[in-house]
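> Letter by letter, the chains look like this.
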Amino acid sequence: MEKVITMAHGSGGKTTGELIGAIFANEFDNEILNRMEDAAAVDGSKRIAMTTDSFVVTPLEYPGGDVGRLCICGTVNDLLSRGAIPKYITCGFILEEGLETETLKRIVHSMAETAREANVIIVAGDTKVIEGNGGLYINTAGVGFFDYDREISAEDAKDGDAILVSGTMGEHHATILGSRMSIANDIESDNAPLTDIVGALLKNKVDVHVLRDITRGGLATVLKELAKASESTFVVEDEKIPVSPQVRDFCGLLGLDPYYMGNEGKMVCIVDAKYADKALEIMKASKYGQDAALIGYVQKNEAAEKGMLYSKTSIGGLRNLDILQGEGLPRIC
Amino acid sequence: MCVALPGIVRKINGKTAEVDFNGNTVNARTGLVDIIEGDRVLVHAGCILQKVTEDEADSLNDLMKELKAYE
Amino acid sequence: MSSDYLKEITSYLREYDGDSMNIMEVCGSHTAAIAKSGIKSIISDKINLVSGPGCPVCVTPSAYVDKLISLALEEGNCIATFGDLMRVPGSEESLNIAKGRGADVEMVYSPMDVVELAKKNPDKNYIFAAVGFETTTPVYALLLDTIVSEKIKNIKLLTAVKTMPAVIEHLLAEGAPIDGFLAPGHVCVVTGSKIFTPLAEKYDIPFAVSGFSGEEILEALYGLVKIKKGGRVMNFYPKVVTEEGNTSAKSLIDKYFTPSAACWRGMGIIKGSGLKIRDEYSYLDAGSEGLNEDIKKNKACLCDQVLMGKKTPKDCPLFGKVCTPLTPQGACMVSEEGCCHTWIANYR
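Chains as they are written, first to last, in the numbering used here: chain A, 1 to 333; chain B, 1001 to 1071; chain C, 2001 to 2348.
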């Protein structure tokens, strides 16, 4: 194999075959993919969940993960948010010429490992090469089955429900931003598949009303969207939001707000309040859920405007939170 | 305006000092105030602006006492 | 502060039923902190908090942004900047948008980072977008000092450095209805709390120097509401603010900068409200002189009135409709610290 990707790797000819054989087929190795047919034939289910996502992160590799791990986690977590257990994933790679073959190998390897961890099979793939500067973009599609006969929807938060999060806020965002700023720390991305947490909640028959992974825009954006979708009022408490001291000070240095810091391995989970303790216990015992916390409740909607998100502040004030405005760039002044 | 955060001076390297903010290290520029290792300092835009002193709490207490008596 | 103490001042501020008071927080970080701690929900409606012109990014005029963009598009130049300046609209576009069509722009945490960049890329000319108030000026003075002492050839500054007292005096002279000022804590770290004494005495109006936590802001508000009037400066932030401020920082600023008129977006040119690089170091200035044009993007914009505390964002016909954080029409919507931006994100 050459050291970098060239246009020839996208020709469809021998060089493409080498690339696929040496990197993708080798790493993703499974019966379905190995047949190298034009389409994968897989077992089905009466009703499925489907999703798609594209991953365009810079840098491609960052502390705690890379775009390969990220694309599996993102896709898997989207399926889990509907209560579906992820089964199959397809991936389309767009490589820019100049990409180092070793980098691609590491990313594909990490993708394969994450897929195994999340218990999904990569059943189909495609590769194209474009002119450029060594970039790499991945588009995925994912299929999940409703193994527990529960379809979870963003609209189902009810008055009195308990709002939980599966862990600390902001690690992924802080990691990506930290790599561009002259601030040294050992914050690692939280990118993780949340299969274990969701599987355990559903298996133990917790009355889960809403699940949503917390990605771009952070916790506040997700909660505000959920409050709107279920036309209810959410009230959380600042002091109960789990944020590591390191991420908190990272935000402090750059004038950022942990409520708006993105994650790639955290979930909001809204359950019938009767199940709050049980849900918390299950989440804490699950992989990637040890820092889970109960952060607030859905309240009876008495506001004129539906879909409000408030936080109780440490001094007893009430803050009205909206979705992220703009890009969340660091500010100094 | 003016985001600034207190941190602890871990090591002084000539014109810069390693300042720790709960596990985030900034090589902050020195030169505006005399510091020693272990000092708590206020950092703005990668520059040490001032030392943080806790013994000034007295002057705040005096001010609050005065205000409380104010009618 | 003990929790009993906090309870006591909170209940005083909640139950306050005297004459209505307008208290202006001059500093944009105070505006943001007030929103984040939910202070307006705790205190009496008789205590009205209004935002002032203390977000340096917001008050930077369009001509300055235009100049930055034209420099960034020149072959061999790179603009180094704080993140929040990237979104500020010039007369046509922002730095962020210009970046999309090839402008070379680097976002940094510290102005000192540009020294590393310049050494690493000796063929590039770096221009630091030096905006800010008294808090940030010493960092620029240190940067200039480094450039001079290390004889670095490829860094210049484009400055829009502003100072607080003249703009506050401008508000008071224009008859802004203010009964007390929450004075900017981090500005005072550098200048000392005494910088506001002449204004307090001349206009017989109290200033409370405050930190940035919810508790610290409550303490300062308590002070202002308790004394109500009288020309004095109270220091509620003594752990970092002294009367004299940081004298080494002030003398370093004085070495490289001299007072000048400055143009404020929405308010025009205000005498003595800025600093420019001294003539002997003018070779380090990337062309900051005369960037005074300030194109009002939308004639209906009320930012000038809002910045002076005469109107609230809700009085503006554009607020939340034409003018949003994604499509800012005026200064106050531009930065996360801008008054209108804060209102839209927290009070709508």
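Any given hint might turn out to be false.
[As the list claims (entries may be wrong)] Residues on chain B that point at chain A, a partial pick, calculated with CB under 8 Å: (1) Phe1021; (2) Asn1022; (3) Gly1023.
None of these hints come from the bench; they were simulated from the model. We put the CB at the ideal spot given by N, CA and C, even for glycine.
> Evaluate each hint against the coordinates.
Here is how each hint holds up against the structure:
1. Phe1021: Holds: closest Cβ of chain A sits about 4 Å from Phe1021 of chain B, inside 8 Å.
2. Asn1022: Where the cut-off is 8 Å and the nearest Cβ of chain A is about 4 Å from Asn1022 of chain B, the hint holds.
3. Gly1023: holds (4 Å)
Violated hints for the displayed structure: none, as all numbered hints are satisfied.
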